[in-house]
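Chemist: If you want the building blocks of each chain, they are given just below.
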Amino acid sequence: MATAKTRHAWRAGAAIAALALLNAPALRAQETGTRVVPTHQTVITGYGTVGYAFETQGENKNAFTSSVNPIFLFQFMDKVLFEVEFEFELEGGITETGLEYAQLDVLLTDNITLVGGKFLLPFGVFGERLHPTWINKFATSPPIYGHHVAAFGAEPLLPILSDVGFMARGTVTPGRWNLSLNAFVTQGPDVEAGGDPAEPELVFPGSSEDNNTNKMLGGRVDISLPPWFEINGSLINGDYDTNNFLDFTAWNVAGELRLKNVEIRGEYLQTRLEIETATGFPTIRRHGFYAQAAYRVGPFEPVFRWTQVFDTREDGVVTAEDGAWQAGFGIDYWFSPSIVLMAGFELNREDGLPIDEIDNDRLVAHIAFGF
Amino acid sequence: MNRPTKIAAAVGIMAVAWLSATTTAYAQDAATDVARGAEVYGAMCGRCHTARSPLEYTDRQWVTITNHMRVRANLTGQQMRAVLAFLQATNTDPGRPSPLESGATTGVPTADYSGPVSTDPDVIARGNQLASENACLGCHVIGGVGGNVGPSLNGVVRRLGAADVRHKLANPMFNNSMSMMPNFGLTREQIDAITAYLASLER
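From first to last, the protein sequence lines stand for chains D and F.
First residue of the first sequence: 717, per the working numbering; consecutive thereafter.
First residue of the second sequence: 805, per the working numbering; consecutive thereafter.
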């Protein structure tokens, strides 16, 4: 039951908040020059993709594909923005749905934004900024990230990370440079139920529930000299078991170089997963990278991407190391700045196995429309 | 006051200060922001995706879209407002009647665009100023910088000829009915100056 003091505090807070709202110019239309801008505004945007995929092996050898990601933006003055992105995708005969993000952005100052809700984590660059199909210049995602990587010979290192929590973002612009820092606290990873404890399969459910009391902490530091150069480093850390005992860490370094029509970018990603065995607490370390080059010539843009993943199990001594690589060759044709036809061929190879057993190569073509 | 009340009061005062701030600036100093906005648009937006045409959204929609991108791309509020000023300034109908062409949108020019290209330093300087004011860099590369919504303007006078460059500036849709280039409503004197400026970069 609330005490008298608590009730007084709530009343005082409510009164002050009401005063704040009444005092806000938000309740009046804003006049800017000769135009009146409404205080509330809604915009629907997003992107859709239709395509075709052919795999030399696997279950889904020859199929058409379709997906749409509507984005809803609700703005209150230039102070608050609520952003929602849904994903609808055909998986066999079922329409898979997902909530990529549902976040409230408080534009606190010109340099600081506070974010709450479910958001794409600023970890690396691909997940937060590049994965939409009309932005990603290759027809598939780099297979270090778990997004449409069925043909690749190794498990992805991480999914596209979206989680529930709070985040602060800050940017300063000394001279022509942009320096930004993003820091967040979220629910963190969970472990797939019923799996082998010696090789736990981590999941990032982005759920409103947490399997333990530990929260994942993370952040990204970004330095850029636009449009020529950008480099950033990211880190996440949290416990994944119900006892707050077993640790998961991942870090990423990403960079981009741009010179006229040439764009070169890449990301290195490493994950370290502590596990419990009868003999101790060894670490499973996995790491990998992708590097991509694109060259724009008129409406055409040839793209090449190389991806490699290494699996290392450290248990005092290295007991196992294998991995997989992918070479991707693509060509894009831009009908407009946000409508593109992409065709890509992936050469997928897995270490340690005969080539003729694992050559799950893939041809993917799609039209992506950012609207 | 007890502790919760103090915290509530502090939060309330901060909220009052924040919400009452007079920095609401959808269009503050728009004229001076346009050139800066074009530069930021080409440099920052093009880092991740092809820069979109200003014509894809309405002026009001751009307000929300630019705030969305401010968060996603870690832009400052100042950068965002400059980009918005650029997008709104160039969000004009490419098919609107040209003052030189009496409403014609395609086909044969109805004005004479031939004639020598000026090498007068004052005219070239005027062209440079107009190119900056109209934010050509937001969509086109000039020299080593600029956006990629439209083609590079390096060598454009040599490639197309001065008459076609002038015609394009007067009527962006004359050679491409799908063109997204804004019609800036330029006068012949302004068109000649911009053409002279672009030609001067080729020498």
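Derived from the structure by calculation, the hints contain no laboratory data.
Ideal placement from N, C-alpha and C gives every residue a C-beta, glycine not left out.
Among the hints, a few may not be true.
Some chain F residues flagged as far from chain D (calculated, every beta-carbon gap over 10 Å) [to be verified]:
id: 1; residue: A847
id: 2; residue: E860
id: 3; residue: R864
id: 4; residue: Q865
id: 5; residue: T880
id: 6; residue: G881
id: 7; residue: S918
id: 8; residue: S922
id: 9; residue: A929
id: 10; residue: L934
id: 11; residue: D968
id: 12; residue: N979
id: 13; residue: Q994
id: 14; residue: L1005
For each label pair, taking beta carbons as the anchor points, the in silico distance ranges come out as [as the list claims (entries may be wrong)]:
id: 15; chain 1: D; residue 1: A1007; chain 2: F; residue 2: V949; range: 36 to 44 Å
id: 16; chain 1: D; residue 1: V969; chain 2: F; residue 2: T923; range: 46 to 54 Å
id: 17; chain 1: D; residue 1: S1052; chain 2: F; residue 2: T923; range: 34 to 42 Å
id: 18; chain 1: D; residue 1: S924; chain 2: F; residue 2: G989; range: 47 to 55 Å
id: 19; chain 1: F; residue 1: T862; chain 2: D; residue 2: I1047; range: 29 to 37 Å
id: 20; chain 1: F; residue 1: V949; chain 2: D; residue 2: A884; range: 26 to 34 Å
id: 21; chain 1: F; residue 1: G948; chain 2: D; residue 2: E812; range: 22 to 30 Å
id: 22; chain 1: D; residue 1: N827; chain 2: F; residue 2: V949; range: 23 to 31 Å
Calculated Cβ distances over 12 Å to all of chain F for the following chain D residues [to be verified]:
id: 23; residue: L789
id: 24; residue: Q791
id: 25; residue: G886
id: 26; residue: N959
id: 27; residue: W967
id: 28; residue: N977
Chemist: Mind checking the hinted window 22 to 30 Å against the Cβ distance between G948/F and E812/D?
Modeler: violated (45 Å)
Chemist: Does Q791/D sit more than 12 Å from chain F, CB to CB?
Modeler: violated (4 Å)
Chemist: Please verify that the nearest CB of chain D lies beyond 10 Å from T880/F's CB.
Modeler: For T880/F, whose nearest Cβ neighbour in chain D is about 5 Å away, the distance does not exceed 10 Å, so it is violated.
Chemist: A1007/D and V949/F, beta-carbon distance inside 36 to 44 Å?
Modeler: violated (25 Å)
Chemist: A range of 23 to 31 Å was offered for this pair. Does it hold for the Cβ distance of N827/D and V949/F?
Modeler: holds (25 Å)
Chemist: Find the nearest Cβ of chain D to the Cβ of S918/F and say whether that gap is larger than 10 Å.
Modeler: The claim stands: S918/F keeps its Cβ more than 10 Å from every Cβ of chain D (closest is about 28 Å).
Chemist: Using Cβ atoms and 10 Å as the threshold, tell me whether A929/F really stays out of contact range of chain D.
Modeler: A929/F is indeed farther than 10 Å from all Cβ atoms of chain D, at 24 Å.
Chemist: Per the stated criterion, does the least C-beta distance between S922/F and chain D lie above 10 Å, as a non-interface residue requires?
Modeler: holds (29 Å)
Chemist: Beyond 10 Å from every Cβ of chain D: is that where the Cβ of Q865/F lies?
Modeler: Q865/F is in fact no farther than 10 Å from some Cβ atom of chain D, at 5 Å.
Chemist: Any Cβ of chain D at or closer than 10 Å to G881/F, or is the non-interface label fine?
Modeler: violated (3 Å)
Chemist: Closest CB-CB distance from Q994/F to chain D, is it above 10 Å?
Modeler: holds (24 Å)
Chemist: Does D968/F really sit off the interface, with its C-beta more than 10 Å from all C-beta atoms of chain D?
Modeler: Holds, because the least Cβ-Cβ distance between D968/F and chain D comes to about 18 Å, which exceeds 10 Å.
This entry does not satisfy hints 1, 2, 3, 4, 5, 6, 15, 21, 23, 24, 25, 28, going by the numbered hints stated previously.
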